[in-house]
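So the protein sequences, as listed, match chains A and B. In terms of full-length UniProt numbering, the first sequence opens at residue 1 and continues consecutively. In terms of full-length UniProt numbering, the second sequence opens at residue 1 and continues consecutively.
No wet-lab data here; the hints were simulated from the structure. For glycine and all other residues, C-beta sits at the position ideal for the given N, C-alpha and C. Some hints here could point you the wrong way.
What follows is a set of in silico ranges between Cβ atoms, one per label pair, in the way DEER data are often shown [claimed, not checked]:
id: 1; chain 1: A; residue 1: Glu58; chain 2: B; residue 2: Lys167; range: 27 to 37 Å
id: 2; chain 1: B; residue 1: Arg272; chain 2: A; residue 2: Glu73; range: 30 to 40 Å
id: 3; chain 1: B; residue 1: Leu13; chain 2: A; residue 2: Ile120; range: 23 to 33 Å
id: 4; chain 1: B; residue 1: Arg113; chain 2: A; residue 2: Leu296; range: 16 to 26 Å
id: 5; chain 1: A; residue 1: Ile120; chain 2: B; residue 2: Gly58; range: 42 to 52 Å
id: 6; chain 1: B; residue 1: Ser273; chain 2: A; residue 2: Glu58; range: 45 to 55 Å
id: 7; chain 1: A; residue 1: Pro256; chain 2: B; residue 2: Arg272; range: 25 to 35 Å
id: 8; chain 1: A; residue 1: Ala29; chain 2: B; residue 2: Val91; range: 28 to 38 Å
id: 9; chain 1: A; residue 1: Pro256; chain 2: B; residue 2: Ser273; range: 16 to 26 Å
Here are some chain A residues the structure puts well away from chain B; computed CB gaps all over 10 Å [as the list claims (entries may be wrong)]:
id: 10; residue: Gly152
id: 11; residue: Ser156
id: 12; residue: Glu203
id: 13; residue: Asp208
id: 14; residue: Pro222
Covered stretches of chain A, going by a simulated chain B footprint (3 or more residues, C-beta under 8 Å) [unchecked claim]:
id: 15; region: 96-108
id: 16; region: 258-267
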Amino acid sequence: MSEQTITTEEAATEHETGGISIGRVGLYATLVGLVGFYLIPIESGLVTSIKTPTALQETFPFLPPAGSGITVEKWQIAFDYLAPGMVNSMLFTIPSTILCALLGSMAAYGLTLVDWRGQIAVLALFIAGIFVPYQAVIVPLFQFWSQYMQLGTRLSFLWGLPLLEPHYATILELIITHTAYGIPIVTLLFRSQYKTMSEEMIEAARLDGASVWRVYRRIVLPLSIPMFAVVFIFQFTQIWNEFLFSLTIIGSTNDPAASATLILSGLGQSLEGTDYPLRMAGAFITALPTLLVYVLFADKFAEGVQT
Amino acid sequence: MTDGGTTEERSTLRRWLDSDIVQSSPFWLPPFLLMGFFVYAAIGWNLLLSLTEYSGFGDPDYSNLGLHNYRAMLDDPGMWAATRNTFVLLVGFTVVCLIVGLLLALLLDREIRFSRSFRTIYLLPFALSFIVTAQFWRWMYNVNNGIVNQFIGLFGIGPYNWLGSPKLVLGSVIFALVWQFSGYTMIIYLAALRSIPNDQYEAARVDGASTVRMYWRVIVPQLRPAMVSATVTLVLFALKAFDFLYATFDGYRPRRGADILATKMVRESFGRSEWAYGSSIALMLFVLSLGVIAPYLYNQYKRGNL
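Extracted from the complex, chain A is given alone in its bound form (with noise of 0.2 Å):
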């Protein structure tokens, strides 16, 4: 240990000899430092959604409250608010995110693993897509929706249908306006696995007669299963978690089709102030399949994010 003397600098190196240091401990402290910042809100969160209002003026925001200050009446309140909202999300979120992954997986191998002039140009515009900010098209796309498509209206024959209700037609409207937006950013996700992929292989079985279809669903597809995976967790959470859209096209909190995150913006609003225990419980129901999603499958999402 002797040469480990005391500067930072020497301590940075020691960890192959797995000795302790002050360098070292200075390091995890700061990292463990860093934790509570980061989960310092979500848990004064947590613990304010349990609390009666006694105990919300008496306790730290960040204490869980004593016994008889705690209750559960919030949760109940918020998830009787937010039901019909956590269902309207899974309901437009599952089919754009497998439609979102289906077609950009598929523009990816167009646009990736058959060679042809003009690929960088049409590549450019969907990438550019990505970086659109959704204000630059939200009027004209309220407008298509309310105006021109009128979808409650054209398919009022389908409302007689039993297990279908006259709100699906702005869920239906949810579900290909976020699989349009959420095109370009999981084409790109894939294109980054396509480029990697061996070309030979392709190659060959393309010599061998295979046509582009084939090579797709015998090649591409099985690779791309990982990817998928990734695309899955990735979008899920993207769309899970968008407000702007669901703003602009549900418009009320009060209708039907209302989503968990439109709920929320509204829930527990009185004269007499926020509710704040019933906010935050509404803020964790909300966030609890997305919190799911990525307390299991951290690192796919992570992935996601790095491309």
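With chain A fixed as given, assemble chain B onto it according to the hints.
What follows is chain B alone, placed relative to chain A:
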């Protein structure tokens, strides 16, 4: 002669049908048309709307087009305030995120035990909806019971009305957004750090460079591409940040001092039904984004990264 002509034509047709562009089009064309309609046609439509006088209910009148909305922008004091706030948010948020993310990545890149757990926790806020995180931060910034005021109260400072005071509100929003996004910049930097070959670290050490100098001279310069792509994402996010402000202030109008172009655009169109004016602000946002996207994509194309 005629026969020869037709066979030749047929073979051109065949060759055309066999060409890769035709063969590949069933794959990329349907997604392209769907995306192209919703993205590019909508942008064109938005441009057209911004030249009309469309407001209130009913249909837009496309027969009388002009630049009056853009002239009205110049006389709108709210527009200047929103532009100024947008740039403060954009610069403050991007710079702080880049620095915090870099520090996090450098800390985690030193063969830390449980480094994956740390990484997962730092990235967690990024997986949450802005509507959710806005609820947490409203509580954090609460004047009487919020943790922020209780914390600075330990040092005998405050309490401040973080979200109510026009001087503090933008800074408070930036702080909360940095909390949510710094994990993202960290991930981008970490991916870049991992792609730097190990022998570069070794070589710098053999040369006797101190850790700080090694990072500053050898490692950080190689993170430039990662920094550029993170900057593009952050700047574009700052331009369109709307959800968080809407949820923090319970509606279309943020507290004075926190109105940005993105919130003003949505408020003018969906709050006040000034559709044409809203579209003209939207077009400005699009042009600003294009100013970031176009050089970035061109640069990526030049380097063969597309």
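Now for the hints, and whether the structure bears them out:
1. The hinted window of 27 to 37 Å between Glu58 of chain A and Lys167 of chain B holds, with their beta carbons roughly 31 Å apart.
2. Taking 30 to 40 Å as the suggested C-beta distance range, the pair Arg272 of chain B and Glu73 of chain A conforms, at roughly 38 Å.
3. Checked against the hint of 23 to 33 Å, the pair Leu13 of chain B and Ile120 of chain A passes, with Cβ atoms roughly 27 Å apart.
4. At roughly 22 Å, the beta-carbon separation of Arg113 of chain B and Leu296 of chain A lies within the given 16 to 26 Å, and the hint holds.
5. Between Ile120 of chain A and Gly58 of chain B the Cβ separation comes to about 43 Å, which falls inside the hinted range of 42 to 52 Å.
6. Separated by about 46 Å at the C-beta atoms, Ser273 of chain B and Glu58 of chain A satisfy the suggested range of 45 to 55 Å.
7. Separated by about 26 Å at the C-beta atoms, Pro256 of chain A and Arg272 of chain B satisfy the suggested range of 25 to 35 Å.
8. In this structure the supplied range 28 to 38 Å holds for Ala29 of chain A paired with Val91 of chain B, their Cβ-Cβ distance being about 32 Å.
9. Distance hint for Pro256 of chain A and Ser273 of chain B: a CB-CB separation of about 24 Å, consistent with the stated range 16 to 26 Å.
10. Non-interface status of Gly152 of chain A relative to chain B is upheld: no Cβ of that chain comes within 10 Å, the nearest being about 18 Å off.
11. Annotated as non-interface, Ser156 of chain A keeps its C-beta farther than 10 Å from every C-beta of chain B; the closest such distance is 22 Å.
12. In this structure Glu203 of chain A is separated from chain B by more than 10 Å, as the shortest Cβ-Cβ distance comes to about 12 Å.
13. With a least CB separation of 16 Å from chain B, Asp208 of chain A remains clear of the 10 Å interface cut-off, as annotated.
14. No Cβ of chain B comes within 10 Å of the Cβ of Pro222 of chain A; the nearest lies about 17 Å off, and the non-interface call holds.
15. Requiring three or more residues with a Cβ within less than 8 Å of a Cβ of chain B, the coverage given for the region 96-108 of chain A holds, as 4 such residues are present.
16. With a threshold of 8 Å between beta carbons, the proposed coverage of the region 258-267 of chain A by chain B holds, since 4 of its residues qualify and at least three are required.
Hint violations for this structure: none, all hints satisfied.
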